[in-house]
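Just so we're aligned, residue 1 is where the sequence shown starts under our numbering, counting upward by one.
Don't read these hints as lab results, they were simulated from the structure.
Do not rely on the hints blindly, as some may be mistaken.
Per label pair, the in silico range of CB-to-CB distance [unchecked claim]: (1) Val351 <-> Val434: 18 to 28 Å; (2) Asp391 <-> Asn354: 38 to 48 Å; (3) Gln314 <-> Gly415: 23 to 33 Å; (4) Leu199 <-> Arg372: 30 to 40 Å.
In silico BS3-like pairs for lysine-lysine, Cα to Cα no more than 25 Å straight-line [what the hints assert, rightly or not]: (5) Lys417 <-> Lys321; (6) Lys321 <-> Lys437; (7) Lys380 <-> Lys440; (8) Lys417 <-> Lys330; (9) Lys380 <-> Lys447; (10) Lys380 <-> Lys437; (11) Lys440 <-> Lys330; (12) Lys330 <-> Lys381; (13) Lys321 <-> Lys381; (14) Lys437 <-> Lys381; (15) Lys417 <-> Lys381; (16) Lys321 <-> Lys447; (17) Lys330 <-> Lys447; (18) Lys437 <-> Lys330; (19) Lys380 <-> Lys321; (20) Lys321 <-> Lys440; (21) Lys417 <-> Lys437; (22) Lys278 <-> Lys321; (23) Lys171 <-> Lys46; (24) Lys437 <-> Lys447; (25) Lys380 <-> Lys330; (26) Lys447 <-> Lys381; (27) Lys440 <-> Lys417.
Please read all numbers here as calculations on a predicted model, not as lab measurements.
Note that CB positions come from ideal geometry on N, CA and C, so glycine has one too.
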Amino acid sequence: MDMDMDMDTTTTTTTTTRITTTTSSLHPHTASSSSGPSSTSSPPSKLPILVLGGTGTVGSRIAAQLAADSYPVVIASRSAPNSPTPSASASSSSTSPNKTNDSNPDTEKNIHRVYFNWEDRSTWQNPFKYISALAQAAQISAEIDDEEKKVPDISPYSTTEAERKAMYQEKAQQERENAQKWKDWRIGAVYLIAPPGVLDAANVMMDFVDFARRQPGSELGSESAAGGELGLGAGEAAGGLATATEDTVMMGNGGGGVRRFVLQSASCIEPGGPAMGKVHGYFRELGSRGEIEWAVLRPSWFQQNFGVQENHVQSIRNEGKIYSATGDGKIPWISADDIAAVAVQALTMPVAPNTEFLVLGPELLSYDDIARTLSEVLGKKIVHVDLTSGDLERRHRSFGMPEDYSSMMSALDTGIKYGMENRTNDVVLSVTGVAPKTFKEYAESVKHVWQPVDVAPTKPVEVVLINA
Numbered sequence: 001m002d003m004d005m006d007m008d009t010t011t012t013t014t015t016t017t018r019i020t021t022t023t024s025s026l027h028p029h030t031a032s033s034s035s036g037p038s039s040t041s042s043p044p045s046k047l048p049i050l051v052l053g054g055t056g057t058v059g060s061r062i063a064a065q066l067a068a069d070s071y072p073v074v075i076a077s078r079s080a081p082n083s084p085t086p087s088a089s090a091s092s093s094s095t096s097p098n099k100t101n102d103s104n105p106d107t108e109k110n111i112h113r114v115y116f117n118w119e120d121r122s123t124w125q126n127p128f129k130y131i132s133a134l135a136q137a138a139q140i141s142a143e144i145d146d147e148e149k150k151v152p153d154i155s156p157y158s159t160t161e162a163e164r165k166a167m168y169q170e171k172a173q174q175e176r177e178n179a180q181k182w183k184d185w186r187i188g189a190v191y192l193i194a195p196p197g198v199l200d201a202a203n204v205m206m207d208f209v210d211f212a213r214r215q216p217g218s219e220l221g222s223e224s225a226a227g228g229e230l231g232l233g234a235g236e237a238a239g240g241l242a243t244a245t246e247d248t249v250m251m252g253n254g255g256g257g258v259r260r261f262v263l264q265s266a267s268c269i270e271p272g273g274p275a276m277g278k279v280h281g282y283f284r285e286l287g288s289r290g291e292i293e294w295a296v297l298r299p300s301w302f303q304q305n306f307g308v309q310e311n312h313v314q315s316i317r318n319e320g321k322i323y324s325a326t327g328d329g330k331i332p333w334i335s336a337d338d339i340a341a342v343a344v345q346a347l348t349m350p351v352a353p354n355t356e357f358l359v360l361g362p363e364l365l366s367y368d369d370i371a372r373t374l375s376e377v378l379g380k381k382i383v384h385v386d387l388t389s390g391d392l393e394r395r396h397r398s399f400g401m402p403e404d405y406s407s408m409m410s411a412l413d414t415g416i417k418y419g420m421e422n423r424t425n426d427v428v429l430s431v432t433g434v435a436p437k438t439f440k441e442y443a444e445s446v447k448h449v450w451q452p453v454d455v456a457p458t459k460p461v462e463v464v465l466i467n468a
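Take the sequences, apply the hints, and build the full model.
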């Protein structure tokens, strides 16, 4: 489990020339940045998916997997350009500092980045404005082309003016149909990860869910920017919710706000419990009334913790030790890649899941077992130091962890010690069709991280806020 969480408001340009130009390098089906959305281009057959925390451990993997499957992905984070509208600065170019894991040009063209800050509710509209601007640019382009186009000789085989006119009319009709499709192009699903550094972010997350549900299709209306609209509490739903369909992430499901939401919670948090448990319960409530499609992922502890968290990286590299207060308690360590794969299915499967997924790894391993595996992979002795709860809490604080988080983490270790995580299942295999990765596979793939600094590669280490 891991609290891996990463997460501007300007006026959208309405001048035709400006919108068409600035969307050029960001259109999901435009390989070249030299031209903008064209009236001849049909919108992608798959609606965009918004990934909050899309630069983090799981979110970046979700974005990469979706983009590889030709889904337009909107990554909303504080590290994105401070503008909600398409521009060259927001392009997913190869020089972007916010590239997703293992990114490449073929998938990066489907990835778009917008500024989003949980604490600044005026930025919540940015992902929706961004997608609206792309869609409107295509609509405007189609209207201009339809008005200005003469009857061209579009076929070398056409010999009469009547033939040329018929072919043109057929082409113009196709363009008008494409323009109508662009009007229905909107964010179809949202992946939610809690904002960083907040133990109980349930209320603000439920408010965002309500906000996203109220967003009009591709309209840039002032409603989304209104302070009163942004301030509505969870459950204060507005009217006009889109009618349910079996496939909310494919084209053709009509306008309206976001309908499918997938939440990343944790294996130790039950629905209706604290923190993400409240959001989980809210999803159930809305789902029971047919108001949303939903899924909640409850992953166990991340294998990646040992390779990205400085407390583990430094102790393995410099001391040959790993620390916990778990005793001989066992954990079904799960790979972030497998969590992302389950999330992608939950976001895109034609029939809404409307359930939770307890995402567990394929084997139960104690910290002693982890130490033995690391010893084998690294070729040096790694030992597990079993601390008291108080000592572990002080150790967490020495690495800059806030006091409330330190207390929570120590309490979770105590739960593990007494069997709280002693379980496994086949969810990853049954949902994705692929067996989950073992811890040894992960350790082999990142063993350079634990090498002494003077011989370690210069490859940057992915940073995760905390483990929870």
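- Should the hint that glutamine 314 and glycine 415 are 23 to 33 Å apart at their CB atoms be regarded as holding? Since glutamine 314 and glycine 415 have Cβ atoms about 25 Å apart, the given range 23 to 33 Å holds.
- So does valine 351 sit 18 to 28 Å from valine 434, Cβ to Cβ? Holds, since valine 351 and valine 434 (Cβ atoms, about 20 Å apart) stay within the stated range.
- Hinted pair lysine 380 and lysine 440, Cα distance within 25 Å: Holds, at roughly 15 Å.
- Please work out if lysine 321 and lysine 447 have their alpha carbons no farther apart than 25 Å. Since the Cα atoms of lysine 321 and lysine 447 sit roughly 15 Å apart, the hinted pair holds (cutoff 25 Å).
- Message: lysine 278 and lysine 321 were given as a pair; does the straight-line alpha-carbon distance stay at or below 25 Å?
- Response: violated (37 Å)
- Item | Agreement of lysine 321 and lysine 440 with the hint, judged by alpha carbon distance not exceeding 25 Å | OK: lysine 321 and lysine 440 at ~17 Å, within 25 Å.
- Query: Do the alpha carbons of lysine 380 and lysine 321 lie within 25 Å of each other, as the hint requires?
  - Reply: Distance of about 11 Å is within 25 Å: holds.
- Task: Decide if the proposed pair is consistent with the structure: lysine 440 and lysine 330, CA atoms, cutoff 25 Å inclusive.
- Result: holds (16 Å)
- Task: With a cut-off of 25 Å on the C-alpha distance, tell me whether lysine 417 and lysine 321 pass.
- Result: holds (19 Å)
- Between lysine 380 and lysine 330, does the CA-CA distance stay at or below 25 Å? Given that 25 Å is the threshold and the Cα spacing comes to 23 Å, the pair holds.
- Message: Given the hinted pair lysine 330 and lysine 381, is their Cα-Cα distance within 25 Å?
- Response: holds (21 Å)
- Pair hint outcome, lysine 321 versus lysine 381 [Cα-Cα no greater than 25 Å]: holds (8 Å)
Hint compliance for this structure: hint 22 is the single one not met.
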